[in-house]
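Visitor: What follows is the residue order along each chain.
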Amino acid sequence: MRYIRLYIFLVLGFILCTNYTSFSQNYSSRIAIVGNSFDNKTFTKKEIHSIFKGNKNYWDNGNSVSIVLVLSDEDEKSKYVAEQIYNKSVLSVKKYWLGLVFQGRFEAPVFVSNNEEVLEVLKNNRGAIGILVDYKEELDSKSLLNILD
Amino acid sequence: MKYILLSIICSISALGFSQSNNFQIRGFGHLEYESVIEEDSLFSNFKLGEQELFVNGKFNNYFSYLSEITLNYSSHGNYKLNIERLRIKYNYYKNHSFIIGKFHTPVNYWNDVYFHARLFFPTIDRPLMFSKWIPVHTFGVRLQGQNLGKRNFGYDLLIGNGMASEDLYNVFEESSITAAVHWKPIDEIRFGFSYYTTSMKNASSMAAHSHGHNDAHSGVYSGPLDFQMLNASVAYFGEKWELLNEFSYNRTETDTLGVANNFSNYLYFGYRIKEKNVPFIAYDILSTADNDLHTFPYHRMKFVLGYKHEYSTKINVKGQIEYYRNIHDNHDHHSIDSMWEFIIQLSYAIY
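So the protein sequences, as listed, match chains W and P.
By the working numbering, the letter at position 87 of the first sequence is numbered 87, and the numbering carries on one by one without gaps.
By the working numbering, the letter at position 82 of the second sequence is numbered 82, and the numbering carries on one by one without gaps.
Because the hints were derived from the structure by calculation, they are not lab data.
Heads up, some of the hints might be wrong.
Listed below are the simulated EDC-like cross-link pairs for lysine to aspartate or glutamate, each with C-alpha atoms no more than 16 Å apart in a straight line [claimed, not checked]:
id	chain 1	residue 1	chain 2	residue 2
1	W	LYS88	W	GLU107
2	W	LYS45	W	GLU107
3	W	LYS79	P	GLU188
4	P	LYS58	W	ASP75
5	W	LYS88	P	GLU188
Which bits of chain P does chain W cover? Going by a derived footprint, with three or more residues having C-beta under 8 Å, they are [stated by the list, open to error]:
id	region
6	60-67
7	243-257
Negatives, chain P to chain W, calculated, CB over 12 Å [stated by the list, open to error]:
id	residue
8	LEU81
9	HIS116
10	GLN144
11	ASN170
12	LYS302
13	PHE303
14	THR313
15	GLU341
Beta carbons: idealized from backbone N, C-alpha and C, even for Gly.
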């Protein structure tokens, strides 16, 4: 079986923000952006935001971008991701994606319910990118890349 | 009956696709109640709105499919099935695509973003210009770019059928050209401009949506007509404030009455309270020249006061009070009586 490279990106810049709400502070240092077989480079925070908003169809290596998200209305982790990545509420992020898909501008993200499912989808999809919040397992240190603030 | 059967067959076919590939199916629809008060008369009706099937998916990394099929009530016991969009997209390089099929003509923000699902509409109705001259659909070929550069620049260039048909492009008979650009300096804002041109051999031969069928005129002009249109859109949909302005100007020219200049503007303001509630106001105006032979003289204003509540991303309810009146109170033969309307609409998505 062909070896699938798993790149792990830690978002360090997020902890610099000072105006988090109380629930946000619980996760501010435990967010990781992970992906499978995409461009081996350092991304800026702005680029990461842009990718997760569906502004990029392909990676430079030719793989199509596929987004994996955990988004639950009542989940504090989901609220944190919605706030940090999209600067919106969970409801607004869901509406944003429904609208974008309906316009035919981007394929719908793969919505899953926990970190393990994010990793499972990533393993099976080249070009997929997802977010882990409060992930407790050890991540592949060989594949760590920082995101510039 | 045959349309309903066809719809079921389409649904089952699409379901088959969805199970075997990464195709997805969604349903949209709405129900509506309206009361109209005009002079001394009042009438009300509760009706089934458009019900639609939305299918999209990818064949591979480069080719994707999208279709939007609606079922509309037409008369007692009868429904009309329409293919509103059906397109194959070839994403040939980064964010640049070549598209073939039937699509919404990207002349303004509304037509490029909302399509037929009322769930997304900020107000219950489309702007007045849609019932008079906006060519909602085009069947043809399209070059599209989106999210280019730091300002998220986008472009569309279309060549397709004119206004006489939406599903058949007589290549050497009647064509239209649409050129549109837009950019999003920040996520919530989009500015857009477009130019549309077509030459009609018979101005009375109009496809659905792109003409005001409700306002019957005697002696409809059936000669040739040149139509050119410019549109400008500004849209801002933030977490609190919402703003949409659609401006449209068109110039028609006939050998009979010469050049006519027509314009319309739709302005919407909304303010979101506690995430799910949006009180809003809107002002719509449409004015055509007296010598126009495409839309025919029409001078109308519409004031809207409304409220939207979103129960979830999949269902919302809107209530609206509308007041229509003429722009000028000169009581000429083009004048139409003032009118009040009260509408409640429940719109939803199933997926």
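Visitor: Can you list which hints this structure breaks, lowest number first?
Guide: 1, 2, 3, 4, 7, 9, 10 and 14
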